[in-house]
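Asker: Here is how the chains run, residue by residue.
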Amino acid sequence: MAFVIEPAGSRHYYDRTPIIRRRAARAAQEMFVPDTPASPSGEVSIWAYRGTLALFALLAAGLVVWFQWHVEPFVTGTLVIGGTITAWGVWQLALSFYKKGGGGDGQDVMRRWLRKPRAWLTMLFGMFVVAVLHFLTSSVYLRFEGAEQGESEFRVQVLEGKGKDAKVFMGPYTLHAGDVVGYPRFPTWESRELTFQILEPRKYDVKQKPLPTWGRLDIKVPGSFDDKAFYNVVFVPDMALYSNLPPRRIKGGTRHYLDVTFNGKTVTLPDFAQQLVVTGQPEQDLPDKYAVRGDDLIREEITDYYLQAEIEDRDTVIATLFNAQPARLGTAEFTPGAKLVVEVGKWTGDAGRDKKKDFSCELSVPTDGVMHVLVIGPTMLGECHE
Amino acid sequence: MNKRAVAFLCLVSVASVAMADPPKVLVEFRIESQSFKDGLKADAAPVETALATQLATLLQTKFPPMQWVTGPLADPAATLTASLAEDDSAMRRIFIKWTAKIGTQPLTLHKLEEWTIYDTKRASRPYFDAAKTKTEVGDKIVQWMRVDHTRDDVHDDFLVQVPLSRQVELDTVKKNVVLPLSWRSAKLGEGSEFRVDFGNDPAPDMKIFLNNVGEARGFNGLTRSRVFLCTDSGENLPEGKWWKNCAEILTGNGAPPYVLRFKHYVIGEPVDGIAGTVAVQP
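Going line by line, the protein sequences match chains W and S.
Its first residue numbered 67, the first sequence is counted upward by one per residue in our numbering.
Its first residue numbered 95, the second sequence is counted upward by one per residue in our numbering.
Treat the hints as calculated values from the structure; they're not laboratory data.
Just so we're clear, the structure is a prediction, and the values are computed from it rather than from any experiment.
Accuracy of the hints is not assured; some may be wrong.
[To be verified] Which residues of chain W face chain S? A partial, calculated answer using Cβ under 8 Å:
no., residue
1, Ala126
2, Gln223
3, Tyr308
4, Pro312
5, Asp379
6, Ile384
7, Ala385
8, Leu440
9, Pro444
All residues carry an ideal CB built from backbone N, CA and C; glycine is no exception.
With the sequences and hints as input, model every part of the structure.
Answerer: Encoded structure:
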């Protein structure tokens, strides 16, 4: 520890306190010494004091709000408690220096400080700082909330911008129960257009939100997301096509194909048999065979078609269609009202790799977001033609 | 009995047996339907063979005077072809259509109609299943043969056009015309009738009709018949002239070319020891 020998007669010569403590105490004392006395006593009037106190209260409130608004989700409860205790300890340490430096008992430090004539300026500066914090801090948080039974994990990411130009802004994160991810950004100079995506499971719509420079987005995953409306369709062969297609498990004979063109891209089902074909999404997201077979509306629409078709063996046909495993044909996600071109034909040529079209159909994706049946085949005049 | 007599008897016997060999009619089944061709591919040929055999068996049962055969046959008396075909409608109608030839000449069939196998109200078709095709089409053929008018159509359109023989024998003692048909296997009913068609010039402008069929005793089980109508240049000849003017011209070196055909065939069941038949329901 360093000591400084001061000349005799010095005010603090007798004091053997280390100089660093004495200087700290002096600084603390000087801090509360008004530069420009406002009154003969060196303290402001009671009304000025109250004004400064009000400013202080506003400053404190602003800080608390800012903290609560942008930072609190970022720090854990442990950190809040630990930080508070640490701050209290530091404050107590500063007071102890102050007391040892002859600054009094420290009980009314704040009161004395706030009574100083220039305290209001300090408050104003503090308020300016808090205002800057408020206006230039933005934060984005994603919290696990609103999951349905059985949903325990979500992969989520945040994109900046829209469409193909969008870039990853945050994530991807994997959220489990109780998780909160995100952070505050300071300073932020511009607002952003953010797109929130639940990557897995894919049953939720994307959510778009603007993030102003002072904004805070607290997104509940999946509570803040709407269920995605899927525009899947189930292709059902009409009676004429059904009669031409091979039963699903029979090998040999001429193979049939089914092409679906959506948004200029064509996907092919190479072995089209007497079965249902569900499509409208990437393959991994399409409903499974149980969902398709168990869909009451699908069953009803197929039965209705074959009832009006007036064929004698409709029960056999319907049973065959539902007993055969539905084909799942992955595509880009269908959009409501989108145009589809469906082509059915045979594989020909020596190697069986050439396509020979039998007929094609021009269809529209239903707009109600419910999986519907689209009947295809040469008898569907108006929609299908050779 | 000297050697010459034995040799003569053997020769007569062999000749009679040879004459009893029934006319062979080739039965074919062809898959022409593109849907079945595409589906069955290489399995189509065995299906064709099986269905041709089934059809021939049925025809043999219903029309036993002919020998209905399948497979390659060098010189059939006639050919009956059943083709599995389809129409151009969206919901294909699958049917059997019939074509026929006498020798090598196509025969126009006026009555034999298409027989629907799968109509437009039946969506399940065994295009890709050979076994099922055999079963289902075979069942339809059985149904077809069970229907009276289809049997009549086969008779009227085809059977009466098939040449049975180009020669007959005469039983001068009993004044019978002996036909080269086995009495037992031909199963000729009492109402069966034959006609003798003469060719063009220098054949006579005659029509000879035979009935009263029965077993020709002493002719190795062949069939005998008698003239019951004979016309010459449009005029009916009196019964007294039938044998000399109408029967005797059918044999000998100066016999004009002619063909024996059915005028009408009625199936019957021959009864042992009786020169006649008992009519049976086909």
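Asker: Give a verdict on every hint.
Answerer: Here is how each hint holds up against the structure:
Among the interface hints, the one on Ala126(W) is violated; its C-beta lies about 81 Å from the nearest C-beta in chain S, farther than the 8 Å criterion. A distance limit of 8 Å between C-beta atoms decides the matter here; for Gln223(W) the minimum to chain S is near 48 Å, and the interface restraint is violated. Evaluation of the Tyr308(W) hint against chain S yields a held restraint, the C-beta minimum of about 5 Å falling below 8 Å. Interface restraint check for Pro312(W): the shortest CB-CB distance to chain S comes to about 4 Å, inside 8 Å, so the restraint holds.
The interface hint given for Asp379(W) holds, since its Cβ lies 5 Å from the closest Cβ of chain S, which is under the 8 Å cut-off. Among the interface hints, the one on Ile384(W) is violated; its C-beta lies about 10 Å from the nearest C-beta in chain S, farther than the 8 Å criterion. For the restraint placing Ala385(W) at the interface with chain S, the shortest Cβ-Cβ distance is roughly 10 Å, beyond the 8 Å limit, so the hint is violated. Because the closest C-beta pair between Leu440(W) and chain S is about 17 Å apart, greater than 8 Å, the hint is violated.
At about 4 Å, the closest approach between the beta carbon of Pro444(W) and any beta carbon in chain S falls short of 8 Å, and the interface hint on this residue holds.
Hint compliance for this structure: hints 1, 2, 6, 7, 8 are not met, and every other hint is.
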